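Student: Be aware that the first sequence starts at 0, since it is given in numbering that gives the first Met the number 0, and climbs by one per residue.
Please keep in mind that the hints were generated in silico from the structure rather than gathered at the bench. Because the structure is a prediction, the values reported are computed rather than measured. Be aware that a few hints might be false.
Unchecked claim - Simulated pairs of lysine to any residue, SDA-like, Cα-Cα distance not exceeding 20 Å:
1. K413 x L434
2. K474 x G440
3. K49 x V14
4. K446 x W394
5. K419 x W394
6. K213 x L276
7. K22 x D162
8. K238 x T260
9. K64 x E97
10. K34 x K96
11. K413 x I338
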Amino acid sequence: MSVLKVEKKYADSIVNLALDTLKSNKQALVFVNTKKSAEKCAEEIAKKLKQTSKELNELSSTALKAVQKPTKQCRRLSVCLEKGIAFHHASLHSKQKELIESNFRQGNIKIICCTPTLAAGLDLPAFRAIIRDTKRYTGRGMTDIPVLEYLQMSGRAGRPNYDTFGEAILVSSSDGQKDALTEKYVQGEPEDIYSKLAVEPVLRTYLLSLIATKVIQTKEQILSFFEKTFWAFQFKDLKKLEQTIVRMLKLLESWEFIQYTDSKFRATVLGRRIAELYIDPFTAHEFVVALEKTGSKVNALSLLQLISNTLEMRPLLRVKLREYDDFQEEIAKYDESFITNEPSMFDPEYDVYLNSIKTSFMLNEWIEEKDDDYLMENYDVGPGIVRMKIETANWLLYALYEIARIQQKQEILKDIIKLKFRLRYGVKEELLSLLKLKNIGRVRARKLFKANLKKLSDLRKAKPEFLTQVLGSKKVAENILEQVGIKNETNNNKGQLNNFS
DNA sequence: GGACGGTGAAACTTCAGGTTGCCTC
DNA sequence: GAAGTTTCACCGTCC
0 MSVLKVEKKY
10 ADSIVNLALD
20 TLKSNKQALV
30 FVNTKKSAEK
40 CAEEIAKKLK
50 QTSKELNELS
60 STALKAVQKP
70 TKQCRRLSVC
80 LEKGIAFHHA
90 SLHSKQKELI
100 ESNFRQGNIK
110 IICCTPTLAA
120 GLDLPAFRAI
130 IRDTKRYTGR
140 GMTDIPVLEY
150 LQMSGRAGRP
160 NYDTFGEAIL
170 VSSSDGQKDA
180 LTEKYVQGEP
190 EDIYSKLAVE
200 PVLRTYLLSL
210 IATKVIQTKE
220 QILSFFEKTF
230 WAFQFKDLKK
240 LEQTIVRMLK
250 LLESWEFIQY
260 TDSKFRATVL
270 GRRIAELYID
280 PFTAHEFVVA
290 LEKTGSKVNA
300 LSLLQLISNT
310 LEMRPLLRVK
320 LREYDDFQEE
330 IAKYDESFIT
340 NEPSMFDPEY
350 DVYLNSIKTS
360 FMLNEWIEEK
370 DDDYLMENYD
380 VGPGIVRMKI
390 ETANWLLYAL
400 YEIARIQQKQ
410 EILKDIIKLK
420 FRLRYGVKEE
430 LLSLLKLKNI
440 GRVRARKLFK
450 ANLKKLSDLR
460 KAKPEFLTQV
470 LGSKKVAENI
480 LEQVGIKNET
490 NNNKGQLNNF
500 S
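Hey, can you work out the whole structure from these sequences and the hints?
Tutor: Dropping the structure here:
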C-alpha cells in the first residue's frame, strides 16, 4: 500500500487535503456531521483560495437568487461558490442542490462539504471521499455512525469514467483513534439489516393495506402471510408476533377502519380510502377524532397544527431552550385554535407537542407571505426544509379532506381546500383568485394586488403598459392579458375561477 | 464611585435525513 | 463530542 503525502500548510487537515486535491486537479466530497459544519468547512477552504472565474461568478449569483430574498445561508453558499467550493445539505433549496450537483459533475465545483445527503442515492462520484466525522448526534448523545454508512460515503470515491481508482480518506485526530477507526470501519463488517416491519406505524399501515386490497382476509391468512416475511424470519418468536398482529387488528377495528364479520376482516369505506392514501392509520384516527370535535370552528392554524402533530410530519422543527417559555405562552394565547389535546407538561410527548406548535407556526407564517429569509431568521429553518414540510403538509391536508368527505363533514371541506392552495403558493387568502393564472406566484400576485389589480376582472380592464410596469416584464404582462382574454372569450369557467375566493 | 467597553474563560446549547405517501380538488 | 454561542468576571479607562 502506498503512502499519500499531503502538504501540511495549515492547522486544519481538511483544508490541507482539499488544497492537495485541487493541486492535482481532482475533485473531493467532504463528509461532516452537521449542516453548520458543512458550511463552516466549505468556508474555511474557500477562504484559502484566490482564483475565480466568470463561470463561477455566474454560478454564485444564480445560487444567491434561488429564492426571492436570499437567506444568510444563500449568501454563505454564494461566497463559497465563487471559489468553486460548495456545501450541500437538506436545508438548501432544491434549485441550489441541483445547481451544485450538476456543476460538480461538469467540474466547475471542485469540493463539496456535505452532510450524509450526498452519500446515498444520488450518483455523484469524486476522486476523493474525505470522511471527517464518524460520530453523529442521535437523541442519546453522540454515537458512531454505522459501518454501512461509512461504506456508502467511501463508495463515492472513484469516478468510473475519469479515474482508474479513487481515494476514501477517513480522518482521525490521534494515533489511538486511528487504530480504532481502522478496525471498526476499514476492516470491520457492516451491520446486519433489520426488518422495519416490526415498527408499529409500518405494521398497521401494511396490515390495513393488505386487508383493504383483499390480499388477506381471515386471521389464518394474515398470520401465515406475516410468518413468511423477513420480519418473522428474523424475529423467530411467532407467538409474540401473533400477539402484536392481533393487537393491531383490534386497534384497526376499534378505529372502524376494518370490520370482522363471517370470520373475515374487511376494510370499511373509510378504511379502504385510508389504505389508498397510504397514511398511518393512527394519523387517520387522530384526524377522525379531531373532525368530530371541531364542528366548523377551525382556522388555518388549527388545521396546520393538527397535521403537524403527526408522525408523517416528523422530524418537526425543534423548540430551542430559549424559545421554550415563548411557545408555552403562545399555546395559552392560541389555545382555542388548537384541536389536538395538549399533553401534560410532565409527559415526554410534551416537547413533541411544542415542536408541532412551532412547525405549524412556521407554516402559518409561510401562508402569511413571509419570505425565506424571515423564516430562516425566526425559525432557523432553510428553504429546502420549508419546501419539504409544505409538500408533506399538502399531502396530509389532502388525506384530511378525503376523511372529512367520507365522514360527511361538509362544512370543513372548503377550509381545507383553501388552506391547501394557500400552502402551495404561500399566500394570504386574498390572492387566491389571482393565482389561478399561470406564471403568477406569490410574488407577482402580491404586486398585482398592491396595484389594486385584485381580481381577474381588474386585469381585464388594465392597460398593458400599466401591467408591464407593475410586473416589471412586458412578456409576462402580455401573457397574463392573453390568459384573462381567453378565459373571457370561452366564458365557461367562471364558476371554477371563483371557486376558492 | 459608577458607567462603559474590551477581553477571555467558563457555561451553555445544539446537533442528519424525503424510504415514500396523495392528486390537479 | 465538539463547535458555536452566550454569559460572566475581571480589568482598565473615562467622566
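Student: A separate judgement is required for each hint: does it hold in the structure or not?
Tutor: Against the structure, the hints come out as follows:
Simply put, K413 and L434 have alpha-carbon atoms about 17 Å apart, close enough for the 20 Å limit, and the pair holds. For the proposed pair K474 and G440, the alpha carbon gap of about 15 Å is at most 20 Å, so the pair holds. Proximity of K49 to V14 is assessed by CA-CA distance (about 14 Å); at most 20 Å being required, the pair is judged to hold. Distance check on the hinted pair: K446 and W394 sit about 29 Å apart at the alpha-carbon level, beyond 20 Å; violated.
Note on K419 and W394: the hinted pairing holds, with a Cα-Cα distance of about 9 Å set against a maximum of 20 Å. This hinted pair checks out: K213 and L276 have alpha carbons roughly 16 Å apart, not beyond 20 Å. For the suggested pair K22 and D162, the alpha carbons sit about 16 Å apart, so the restraint of at most 20 Å is met. Note on K238 and T260: the hinted pairing is violated, with a Cα-Cα distance of about 24 Å set against a maximum of 20 Å.
Between K64 and E97 the CA atoms are separated by roughly 14 Å; this keeps the pair inside 20 Å, and the hint holds. Proximity of K34 to K96 is assessed by CA-CA distance (about 14 Å); at most 20 Å being required, the pair is judged to hold. With a CA separation close to 18 Å, the supplied pair K413 and I338 stays within the 20 Å bound.
When held up to the earlier numbered hints, the structure conflicts with 4, 8 and fits the remainder.
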